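Enquirer: Each chain, written out:
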Amino acid sequence: MKKILHNLLNGKKRAGRSHDGVIHPFRVIVGKEMSDHMHSWRFIIMVAIIALTCFGSLYTSLTNFGNAVKPNDPEGSFFFLKLFTLSDGTLPSFMVFIGFLGPLLGISLGFDAINTEHNRGTLSRVMAQPIHRDYLLNAKFVAALSVIGILFFALGFLVVGLGLVIIGIPPTAGEFLRIIAFLLVSIFYVAFWLNLSILFSVLFRQAATSALASIAVWLFFTVFYSMIVNLIAKAMVPPETASIQHVLGYQRFILNLLRVAPSNLFSDAGTTLLMPAVRSLGPLSMEQVQGAIPSPLSLGQSLMIVWPQLTGLIAATTVCFGLSYFSFMRREIRSR
Amino acid sequence: MKPNVIELIGLTKRYGSFTAVDHLDLTIRKGEVFGLLGPNGAGKSTTILMILGLTEPTEGRVEVCGVNSTTHPIDVKRKVGYLPEDVGFYDDLSGLENLMYIAQLNSIPPQTATEKAIRLLERVGLQNEADKKTGKYSRGMRQRLGLAEVLVKSPEIIILDEPTSGIDPAGVKEFMELIRQLSREEGITVLFSSHHLHQVQQICDRVGLFVKGNLIAEGEIHQLSQKLFSGDYLTVKVKTEAEQPSLQEDFQKLQGVHAVSLKEGMYWIECTEDVTATIAETAVKSGAGLKYLQKTEYGLDDIYNRYFS
Chain A
1 MKKILHNLLN GKKRAGRSHD GVIHPFRVIV GKEMSDHMHS WRFIIMVAII
51 ALTCFGSLYT SLTNFGNAVK PNDPEGSFFF LKLFTLSDGT LPSFMVFIGF
101 LGPLLGISLG FDAINTEHNR GTLSRVMAQP IHRDYLLNAK FVAALSVIGI
151 LFFALGFLVV GLGLVIIGIP PTAGEFLRII AFLLVSIFYV AFWLNLSILF
201 SVLFRQAATS ALASIAVWLF FTVFYSMIVN LIAKAMVPPE TASIQHVLGY
251 QRFILNLLRV APSNLFSDAG TTLLMPAVRS LGPLSMEQVQ GAIPSPLSLG
301 QSLMIVWPQL TGLIAATTVC FGLSYFSFMR REIRSR
Chain B
1001 MKPNVIELIG LTKRYGSFTA VDHLDLTIRK GEVFGLLGPN GAGKSTTILM
1051 ILGLTEPTEG RVEVCGVNST THPIDVKRKV GYLPEDVGFY DDLSGLENLM
1101 YIAQLNSIPP QTATEKAIRL LERVGLQNEA DKKTGKYSRG MRQRLGLAEV
1151 LVKSPEIIIL DEPTSGIDPA GVKEFMELIR QLSREEGITV LFSSHHLHQV
1201 QQICDRVGLF VKGNLIAEGE IHQLSQKLFS GDYLTVKVKT EAEQPSLQED
1251 FQKLQGVHAV SLKEGMYWIE CTEDVTATIA ETAVKSGAGL KYLQKTEYGL
1301 DDIYNRYFS
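Residue numbers (the numbering used here), protein chains in the order written: chain A, 1 to 336; chain B, 1001 to 1309.
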């Protein structure tokens, strides 16, 4: 009885490490997965590629910095943010790079999460331990996401720091918050691809199949999807005599079609957050623009604009996670 | 009577129209070494997975120490150590690290886990390979590491699924010796699945014969042969020093003897009951001189040939 009371009293402290030094099994798995990621070659290669491209884009944006800052620019007070969006056309900007390479990073961290464990014969061994089955799935997700989060924040702050040293003007609090918001959105974006590849790793027995399937989805959305939407758009072009309502409806429809692609959601969100002058992601009528003051939006307003995009990304992530959960929880776990 | 630790009640598993395990009833008592013997594909592994709650039975239930495995797998897995058929390790971690990982998944604090892991590695004879990456381990070493891993959680029951497949005979002998020691010294209940009857014969207290999802017989090995061959004749082979034509008739006249034949210079006497003593007496009395007498008992080999092939 005394022991039970003691346990109850100490129950509050049990988050993570308890008084007797027991580490919660979930934390043990997360720790192991994180160290696995950091030691793996593919992660090192991906980090090298992303870091290189980021510094490349930082270099181009810095060399063009002088031309970009114009007097009377409504974004004039936000020129620190240009570090992330500016490009002279030779190298894409930081934001575009993250949008392009982020998915690859997510896929590379998740495509072999479950199937490799199975093929190595470690899955049945781990599942025979007294842990909940979803710990493994959750821990893999949390570990990969933490690694990505740390990486993105490190890169983002490195860019900020270097920019600070080179241009010599510190970012304002608003700019800093916008950068943080942008980094968070990028992490959500990569989380979606991570979850998609984890889903494929649960569904497909071979790591190669799941990697190919994830990359196929990624290619489809980055390359082919916009082409298909263009085709549909061409076929549906309203006649010149159409009413404004009709044209507007058509524009909205095409935009919504484009927004099915997660990459589009990300670039919408990123643009709005990093370019405070962007005040709408859809068509604006003359009446709406009339009387608008040509000044940048506040962070709160920008966040309001990207809220649907953000929700969409989180929803897509949750759907993938739910599906992998559903298929993993009741499956039979045989050795190899 | 020792308490039951594993109880299978009407356990059934179907995959589509295929029945892997068919209404299995089985009890395993505390401290015994139970052998599940059967050819490949008999449903041994499926049964083991159901005991651990790694797959759901279509019908029936499993109780391990009174806990239902399907609804409360965590409680069961706390008590049961399981060594899968083809055990795999994280190849880029050392044997010790692999062991530590599993220990910590069992909520053993790191300090205790290290001490325990080192002690167990010594016990299975891997103390010199503790810091070697498991990717470089041989098959036999992996199997021994697997046994250490099973023991790290101090289980009440250990389940070994074909633990000796792919190990050389010397390794098998060592491995079996370890299992027997464990069961004897620490009172651990062992469930041992194999298609290798001699290994089962060596260490198991009781055996269950598994064919096509059915348990066709269960019991101690000598009981088993009695049970399975009860309708058959016992054969006694007799060889005498001198030829004596009347001997065959004498044997024939004995009570309980069914038929006598002369093959390879020996009398093959088929009896309905054990009359070996009277046969020997008859042979000696006849003056032919008894040179050789053998009663053939049915071993697992005969059982195996009869049911599995």
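To be clear, the hints were calculated from the coordinates, so they are not data collected in a lab.
As the structure is a computational prediction, the values presented were derived from the model and not from experiment.
Check before you lean on any hint, since a few could be wrong.
[What the hints assert, rightly or not] Pair by pair, the computed Cβ-Cβ distance ranges are:
hint	chain 1	residue 1	chain 2	residue 2	range
1	A	S146	B	K1132	44 to 52 Å
2	A	L203	B	G1041	25 to 33 Å
3	B	R1139	A	T90	39 to 47 Å
[Said to hold, decoys possible] Some chain B residues near chain A, calculated using beta-carbon distances under 7 Å:
hint	residue
4	G1010
5	I1203
6	D1205
7	R1206
[As the list claims (entries may be wrong)] Restricting the straight-line Cα-Cα distance to at most 25 Å, the calculated cross-link-like pairs of lysine-lysine (DSS-like) are:
hint	chain 1	residue 1	chain 2	residue 2
8	B	K1253	B	K1263
9	B	K1136	B	K1116
10	B	K1239	B	K1291
11	B	K1079	B	K1030
12	B	K1002	A	K32
13	B	K1133	A	K32
14	B	K1212	B	K1239
15	B	K1263	B	K1212
16	A	K32	B	K1239
17	B	K1002	B	K1030
18	A	K32	B	K1253
19	B	K1173	B	K1239
Cβ coordinates follow ideal geometry from the N, Cα and C atoms, glycine included.
Enquirer: Indicate, hint by hint, whether the structure satisfies it.
Expert: How the hints compare with the structure:
no.: 1; hint: S146(A) to K1132(B): 44 to 52 Å; verdict: violated (30 Å)
no.: 2; hint: L203(A) to G1041(B): 25 to 33 Å; verdict: holds (26 Å)
no.: 3; hint: R1139(B) to T90(A): 39 to 47 Å; verdict: violated (56 Å)
no.: 4; hint: G1010; verdict: violated (20 Å)
no.: 5; hint: I1203; verdict: violated (22 Å)
no.: 6; hint: D1205; verdict: violated (24 Å)
no.: 7; hint: R1206; verdict: violated (24 Å)
no.: 8; hint: K1253(B) to K1263(B); verdict: holds (19 Å)
no.: 9; hint: K1136(B) to K1116(B); verdict: holds (23 Å)
no.: 10; hint: K1239(B) to K1291(B); verdict: holds (6 Å)
no.: 11; hint: K1079(B) to K1030(B); verdict: holds (13 Å)
no.: 12; hint: K1002(B) to K32(A); verdict: violated (41 Å)
no.: 13; hint: K1133(B) to K32(A); verdict: holds (16 Å)
no.: 14; hint: K1212(B) to K1239(B); verdict: violated (42 Å)
no.: 15; hint: K1263(B) to K1212(B); verdict: violated (37 Å)
no.: 16; hint: K32(A) to K1239(B); verdict: violated (70 Å)
no.: 17; hint: K1002(B) to K1030(B); verdict: holds (6 Å)
no.: 18; hint: K32(A) to K1253(B); verdict: violated (78 Å)
no.: 19; hint: K1173(B) to K1239(B); verdict: violated (36 Å)
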